[in-house]
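Protein chains: 2
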Amino acid sequence: MKCNVKLDPWKIILDHYDEHEVEIAESLFSIGNGCLGQRANFEENYSGRTLRGSYIAGVYYPDKTRVGWWKNGYPEYFAKVLNSTNWIGINVTIDDEILDLAKCTILNYYHELDMKNGVLTRNVKCRLQNDKEIELNAIRFISMAQKEVGAVRYSIKPLNFDGNITFESYLDGNVVNSDSNYDEIFWNRIDEKSYENEGYVMMETKKLPFMVCSYLTSVLTVNSEKVDSKPNVIEKDKFVSDIYSIDVKKGEVAQVEKFVATTSNRYSENTELLKKTKTISNKACEAGFDALLEAHINVWSKTWNTCDITIDGDVAAQQGIRFNIFQLMQTYTGDDSRLNIGPKGFTGEKYGGSTYWDTEAYCIPFYLSTCNNEVARNLLVYRHNQLDKAIENAEKLGFTDGAALYPMVTMNGEECHNEWEITFEEIHRNGAIAYAVDFYERYTGDFQYVVEKGIDVIVGISRFWAQRVNFSKAKNQYVMLGVTGPNEYENNVNNNWYTNKIATWTLKYTLRCLKKIKEEYADYYNTVIERLNFKNEEFEKWNHIVENMYFPYDEELGVFLQQDNFLDKEILPVKDLNKSNLPLNQKWSWDRILRSCYIKQADVLQGIYFFEDEYDMETIKKNFNFYEPITVHESSLSPCVHNILASKIDNADKAYEMYLRTSRLDLDNYNNDSEDGCHITSMAGTWLSIVQGFAGMRVRHNHIEFNPTLPDNWNGYNFKILYRGNNLQVSVTKEGTDISILEGNDTIDVVIKGESYKLVNSNPIKIQ
Amino acid sequence: MKCNVKLDPWKIILDHYDEHEVEIAESLFSIGNGCLGQRANFEENYSGRTLRGSYIAGVYYPDKTRVGWWKNGYPEYFAKVLNSTNWIGINVTIDDEILDLAKCTILNYYHELDMKNGVLTRNVKCRLQNDKEIELNAIRFISMAQKEVGAVRYSIKPLNFDGNITFESYLDGNVVNSDSNYDEIFWNRIDEKSYENEGYVMMETKKLPFMVCSYLTSVLTVNSEKVDSKPNVIEKDKFVSDIYSIDVKKGEVAQVEKFVATTSNRYSENTELLKKTKTISNKACEAGFDALLEAHINVWSKTWNTCDITIDGDVAAQQGIRFNIFQLMQTYTGDDSRLNIGPKGFTGEKYGGSTYWDTEAYCIPFYLSTCNNEVARNLLVYRHNQLDKAIENAEKLGFTDGAALYPMVTMNGEECHNEWEITFEEIHRNGAIAYAVDFYERYTGDFQYVVEKGIDVIVGISRFWAQRVNFSKAKNQYVMLGVTGPNEYENNVNNNWYTNKIATWTLKYTLRCLKKIKEEYADYYNTVIERLNFKNEEFEKWNHIVENMYFPYDEELGVFLQQDNFLDKEILPVKDLNKSNLPLNQKWSWDRILRSCYIKQADVLQGIYFFEDEYDMETIKKNFNFYEPITVHESSLSPCVHNILASKIDNADKAYEMYLRTSRLDLDNYNNDSEDGCHITSMAGTWLSIVQGFAGMRVRHNHIEFNPTLPDNWNGYNFKILYRGNNLQVSVTKEGTDISILEGNDTIDVVIKGESYKLVNSNPIKIQ
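Protein chains in written order, with full-length UniProt numbering: chain A, 1 to 768; chain B, 1 to 768.
These aren't lab readings, by the way, just hints derived from the structure by calculation.
Keep in mind the model is a prediction, meaning the values are calculated, not measured.
Treat the hints with caution; some may be incorrect.
[Stated by the list, open to error] Over the 12 Å line for every Cβ pair with chain B, so calculated as not near, a few chain A residues:
id, residue
1, Asp100
2, Thr105
3, Arg338
4, Ser472
5, Tyr521
6, Ile620
[Unchecked claim] Below, a list of computed lysine-lysine pairs in the BS3-like style, where the Cα atoms sit at most 30 Å apart:
id, chain 1, residue 1, chain 2, residue 2
7, A, Lys64, B, Lys587
8, A, Lys587, B, Lys535
9, A, Lys575, B, Lys541
10, A, Lys64, B, Lys71
11, A, Lys473, B, Lys475
12, A, Lys396, B, Lys579
13, A, Lys587, B, Lys396
14, B, Lys71, A, Lys71
15, B, Lys622, A, Lys473
16, B, Lys579, A, Lys389
For glycine and all other residues, C-beta sits at the position ideal for the given N, C-alpha and C.
If we strip away everything but chain A, and leave its shape as in the complex, we get (with noise of 0.2 Å):
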């Protein structure tokens, strides 16, 4: 099954009705702006089936764990998403007939996502089963501007009647969420109040003390004339409406608009909750749906102008390639550093928890490269802040004097995962973190960051390494026992050689950041090394790790080894697998996906990719021959990296294989799971795999480089990136590569396939 939306260069369109089709769309058209999102759920009735989701960024339940078999270490909650009030809504009866697409003859069906301006439309035409034909026409959005605020703009057209419409504008807090481990409801009721045209619902979550309120002012007109129709007031528990009546002429336009202010006591103290609320509800309604509207526009059109990509001649890749950076920029504006990247964004429940090392690895040099360096390094503080907990959370592991584990997933820095081959061995993850440091220092030339917050999180990070890891006598070298790698078709493998690799950078790495605090912020030096207690063994013991470490190699392929043995497995790729095999975390049971040599994600390549720069061409020829053709991509953060290296390699076919199965993944349900929502942080992947895939950018200290690729079968033969780091315009296609200064910068150094230039902004742009 799939949602099968058009192909448009700006927008997202259903320009037909399917009963099958619409959760999907309800994921697919989900709107927000970085603290309120919401899936595309009908603002009036809808009997079919249906997800319905208002989110609120930061908001969480901590959800009673569900296992089946407890393992001791295992955390008691796992982080819920939590679906709050739903403030779109909007009960309609048509001459006592209440309006229900499901039960409706669907005469003309438009649905609209407007990734440009960030609007949300829908125009349907129908008739009821009263034979009474109308036309429903909806706008709404969340405002980037004023980031409390939602609109909704609705209105109904009688087409061949004169008659009755009433609107029941409502708050409904009466909400569940779908994914709830014990079919609890969330939320309990502080207070609610009805008046005419206003209202609010306030509620506060169960075990944790979130409060949020919605506040509600409502505007009914006919023909655009504001009508003085006394609302009947309702109010119930949790639940507030005006519901307005009127009678109207065949082709007279009857609309509500709603103008709802959301926010919790996370951005306000509980006593001034309502009043805040209310304060911007009413003034929102006062300014009016199109200077909202007008306002909101305008931040989406300053963030495409940092953001874009430009893709001619391939409208479903250009129209991918833009859903991915639409829905990266409104699930995540980078303004609180208590926020993060949720796997589904505000466009479902699934998963949970709002933080994976999705975010290190993918979704940092997405925002490095398109935000400013704020947003990125609100990510890097959101893990600094949460520290302390990673610290808890290693001991509870055993591990001490500041060891440092981060979570697999997380909310507030608890652990929430509780499956014993994920969440206590495939600490890989915690090497993300510290890479992440790293990288923002190497792009921004921040250091100041490393010395005031990220060597703290180094450091404990770099003590779990040096704890986790044990001698092996036998090996007379340092061994890791017991992990899972990126990989996670395999589980509690010895020596992984992603976790080893990641592991020994990370001792590196800390150790290189000591050292240069030590001589270049001298000033800084004892506070840090007195903060952090570090001892002098401690550069001893890592240095001695790192230079025992022990990598698992095969010299006859001249690969390195995933772990241990990975050479008694039998190797057959992928293409020889019959396809009814496929995918095999469908088909195999996990002891057969184990003990196979099939690969859900880069592993090996991982580590390649990330430290590309240690390895000659044909190290990474090799291993990349030998693990993609065994790799089943059955992660959605998989291809990008493949697409990556192969074009790095010049396997040019492959990697517009890999970008096929990255940029569309949602669009087109390639893992038949859209309707749960979107994958949000492998969306960076595929902006990943332009920008580092087909243009080569690799960002260096004192320059910009380029090795681009283009495929034989590149339907868009010519591409621009728009790339804010730099001020840059890049611009590839078959016969070269233009590059050109958007603004700020004199010069620029770049390097284009290993031929240096000096880029002039001058008027024209000079390359010398």
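Use these hints to put chain B onto chain A, whose structure you have.
Same frame as chain A, but now just chain B:
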């Protein structure tokens, strides 16, 4: 917390009341007869902590699986041992106050399980809140002579008053399982009827059509005279009772006797159930309590005649071994090949399922030695009957062509377990099932069983092994990847030595059996080959595996390695580990346990135990001395194997230490979980410790060997083993070993500490 029972050679006695000990005592004092069984709950109301449980062998509930993270291949349900109609219940009211020991002042308390006779008695003197003092006497048993019958004799004597006593003698089907995954009620009502002095409750399990009827006949007496007190007849949903109200004088004894017949549609047509149970219940009542009890005691007397072990001079050891034998004998009586030995027997619900590899690896030797061959044979037939399900189970995991994987936990042959590292990977269980066929055959000489049934089982298992291994190019040998050995403190390891060993042995044994059938049972050979659709290539493939299997081994240490790369671990003996770390499974997170060297239970040593004759004494010593010091014995199945091997290598102190750990596990609540029920299957291990361990008894085809070892600090300086198989009585003291023939055989060849003797059954016994 433990339940402080008194030491006694034949009885378990609790001579005081402590509310904290009640649940443990309920487990320890459990009674059963192989068909019915129950925890030692009080008959009357009890408001303190209690786990009420009455169980019916073979009647179970497929409780919907509960897991955190679903893996492809997991079963849909976990078969739960089913709490069923409470048939012992007698509510007592003394002058309008409900008798409830939790609310009384206990003046005297005596609870006794007489293991010789299988009788549970209770004598309590107490003062109620209304200051009335009474003496309560209760005696009950579940008949070994008539498997449907349970009887209770329950009396109250007023000690300091004349007054009114009411007894409500009831059957109550409104019961739940405390281990229900989703708090479901497992039973549907079919019917209930109550009459004067009689009544029944008939119920059916949800999901599966198990129908159960309990029929009750009650008799009221005062001072042993039958009283014609017209009871108040109560009938409610799944509940019937007769309420007797009588006025008694101080010192008089008011008594109710309950005669309950319970059976299921596993033994009757649905339509016959009511009639059958009514007839049995009424007849039991007619026969009377004393006559029923006598018949019951007679069966126990015969049973003890063939299984008792006498230990002079150590009452704790004597009580321990008899408790273990008693529990085994009342859990499984071997007359129904659809039944098996649940891990908690009739003493609790935990773990569910009835069948684990414990049956084959531990219990079969016990039943073979203490009962007629039919009992062990029925345990083999149980697996033969479930072969089709084992083949289906293997198919779910991708195996083909008749490969069979027996489940980890089952009731009816279907896998119930849902933890991938166990369910899918702890496949060594399959080997134990083949091993039991060989053990039975070696023991009984009954090769005809192999020809008719056993061969099908071992061929199915061999096919599984042949598909489960793969040829490693790197090692140029066969390997077995991704398994969990008996030591569950390692998961998903490669080349677990024990699993490789038992797999290879199974192939060899199966080939040997096929050869023997061909040569010695030629009439059957073609039938067998056709029935199994056996191919010649299978011979070749299996032989190739047998000849080219890889076994991890360390030359330097001279030990078999538990798995690949075991020596990468840090090896630190348990004795050098700070005690605060123990038990590991409560103190350490799972990953820490996994990467440590610590072993839960015998693994390599399990293999050496099974195939002892293949290894010389030096090899056994080296392996024992390497592995035992790093074994934490956190499985109840561990100490016995170590006791046996320690005895073998004359490490008497270690053998004695291990015996202490196994023999009073539940009586002394070593694992702090006896309130959940007793560890039934590991009780066979205690028996093995004495018979195979201290006595060093090995049954050979043509003789029996003894290599007794008595540890210096062994208080039981003289013990006798009744050993049915050859009608022997073995007596081991520090001075030597005496063996006498009890009956039957004229001569038996025995070897004692390497010296051969011929035992002649004359009077007096002659040793030649």
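**OP:** Return the numbers of the hints above that this structure violates; sort them in rising order.
**Re:** 4
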